[in-house]
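Order-wise, the sequence lines are chains S and H.
Under the working numbering, residues -13 to 556 are what the first sequence spells out, in order.
Under the working numbering, residues 48 to 136 are what the second sequence spells out, in order.
Think of the hints as simulated: they come from the structure by calculation, not from any bench.
The hints are all genuine.
Which residues of chain S face chain H? A partial, calculated answer using Cβ under 8 Å:
no., residue
1, Tyr44
2, Glu47
3, Glu76
4, Arg77
5, His189
6, Arg190
7, Val303
8, Leu304
9, Asp306
10, Thr307
11, His315
12, Gly316
13, Glu405
14, Leu406
15, Val408
Okay, derived cross-link-like pairs now, DSBU-like style, lysine-lysine, Cα gap no bigger than 30 Å in a straight line:
no., chain 1, residue 1, chain 2, residue 2
16, H, Lys123, S, Lys161
17, S, Lys134, S, Lys147
18, S, Lys161, H, Lys92
19, S, Lys25, S, Lys61
20, H, Lys123, S, Lys51
Pair ranges (Cβ atoms, derived):
no., chain 1, residue 1, chain 2, residue 2, range
21, S, Val555, H, His76, 48 to 54 Å
22, S, Lys147, H, His76, 31 to 37 Å
23, H, Gly54, S, Ser108, 35 to 41 Å
Cβ coordinates follow ideal geometry from the N, Cα and C atoms, glycine included.
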Amino acid sequence: MRILLVGNPNVGKSALFSRLTGTRIIASNYPGTTVGFTKGYLKLGKEQVEIIDVPGSYTLEPVSKAEEVAVEMLKEGDLVINVIDATNLERNLNLTLQLLERQIPVIVALNMWDDTRHRGVSIDVVRLEELLGVPVIRTAGITGQGIKELVQRLSEARVPKNARIYATSDERWLKVGDIVSQVQSLSHRHHRWYEHLADASSHRVGGIFIAMLVIFATFWFVRFVGEGIINHVAGPLFERLWTPVLMKLSVVLGAGGFWHDVLIGKLVGGEIDYFQSFGLLSTGLYIPLAAVLPYIVAFYLVLGILEDIGYLPRLAVLMDTIMHRLGLHGFAIIPTILGFGCNVPGIMATRILESRKQRFIAATLISIAVPCAALQAMIIGLVGQQGIGYVVMVYGSLFISWIIIGLILNRAVRGFNPELLVEIPPYRLPPWRVVGEKLWLRVSGFIKEALPIVIGAVLVVNILYILGVFNAIADITAPVLTGLWGLPKETITALAVGFLRKDVAMGMLTPLALTAKQLVISSTILATLFPCVATFVILARELGVRDLLKAVGVMLAAALIMGSLQNLVL
Amino acid sequence: MTGNQQGKLTLVEMKTGQTGIVIDVLGGHGLIQRLDALGIRPGRKVTKLSSTLFRGPVMLRVDSTQVAVGFGMARKIIVETDKYRPRTS
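This is chain H alone, in the form it adopts within the complex:
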């Protein structure tokens, strides 16, 4: 964890409730394609909904869908976040 709450982070480093724009996927063609099909692609806005204990999946909201992304994969997805604001529901 970098403690950096603004700027470029991986999905794992992002805080629950935080929103960011995907800027890069550090992976091979297969991974990029799988994520692309679910709408997780550069330029897209994602919100982190929760994380799971013991390096489990990260839950995201992309458009109106919830997607669970495995921990290893989540580490390869780089987002740019705005300033951290706690979630208001």
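Excised from the complex, chain S in its bound form:
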């Protein structure tokens, strides 16, 4: 049996899904968190049933790609749990009535029940059950209230006897109005303190100040926490515990030779240098676990909090005017921000955008101008050694290319750019359990997915060095690298490895002893030139091969021009 969780965006389907299946997935406080579908399993008596978290949809007549996915899924389900937001009954019931028109058994989860009281909403659940003709269960995905009852009563899900098909949207809304007037009563309520903040953050001038404050605080926090963990936890752990082990191993391996070079790498002045040695057990572990992981933790902690408070849609509103110039609308800021963690989920999230043009521009801009957390960690670490001003130059160059490429693509790409139309969720105090679980999910995802690739990349680098392949390539690409970008020809090895992992590639710049200017140029090019292989695969899947090739063309052009300009100007 296959059960579908269907409902409007941002009604808590993902939180409910986690509760039902024990499978942890990412839930946030903005519409469109789930863009693909996620599968999980629930044990129902002796049967193992499949549960699918379907992307949120306001209607069964889809207008975005995420909504199309939702409608397609509906054809393949045996039972629907219609999740509705109890504090927003009217709009949610419109979808419920549409679901009841289909010949599929439905049970309603009246979710966010815990929120109804302070919002002054009371609902006559018994009457609602009668009117809809299907079971209605009060639930709260965050606290787990009502989940047990929901599972127990799944078997009561049915196609209502009094099911009717509404000829027009008007008729359906009329019926919704009728139901709401019979079951819901509203009482006066007081503003909570964070609702005053809500007003301030969407004030036309105050909102911009708050946005700048939030962005600045985010950067500051990520850097402070990231560096803190490196300097006080990860760094010392490696130096004190791991270095002695490696040094012993080095002696055992005879301080040189093939295995020594592959496992430990080259010793620098008789010592292990975690950036330069480039062995599997030295650099291969240090980069992901000590140099990058602390920033990943810091970034995703802040992101999780911003997501769950519900701030991101407000930022989308403020950014709307600027984003329109780039052929996008404000909501595209959310995939972009996700891209600062890792480009892969960022590009996947472009599905919340309505048109093909928007999705192409958003995905291309993310892969060019949005450095992932791993790359950023290395940029801050390595370029930052030369002075924070140089880090600002890298970010500034990327920001400028984001704007310019967006302006150009907006004119060059055919298609249309719909207006922003989005529900702004109420602010919520972040449920700390959810923030914690989400952080763990993302961090462990990074370790599982990135660690093997980093180690693989380090291995490939070693083999290619031994085979002398890099020297051959370096000679071919020297005119561009040296002539246009002003970089030593050996930099090509790092740029090539960037296709595997950007963080490893940055690490490879260390032994080249680049000047500050060269570091700025090479890290900007590394971000711009080519996405890593994981991003590449997702781009191909989301855009199709033709658009992928176009995007790659834009990337190459952007890197050539940006690198040359930096070489001239800086």
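Mind docking chain H on chain S? Use the hints.
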């Protein structure tokens, strides 16, 4: 801006804090459908919560939901307002 504070206005012309009834959406089927799904449809009461600088989106309250409507779209939504009263909170 017409300066007319009573009668038929677009969402853009409406004042912050003002409430009105949607009477028409001047757009194609796609636009009407998108707005309809969010509950913005003729006969529905909406309150303008704020506007954004530089022709940015208009924020509305529809029932208990806040919705951000892009500027171009907001210009196509016609409401009939009662007399303008400043917001009292």
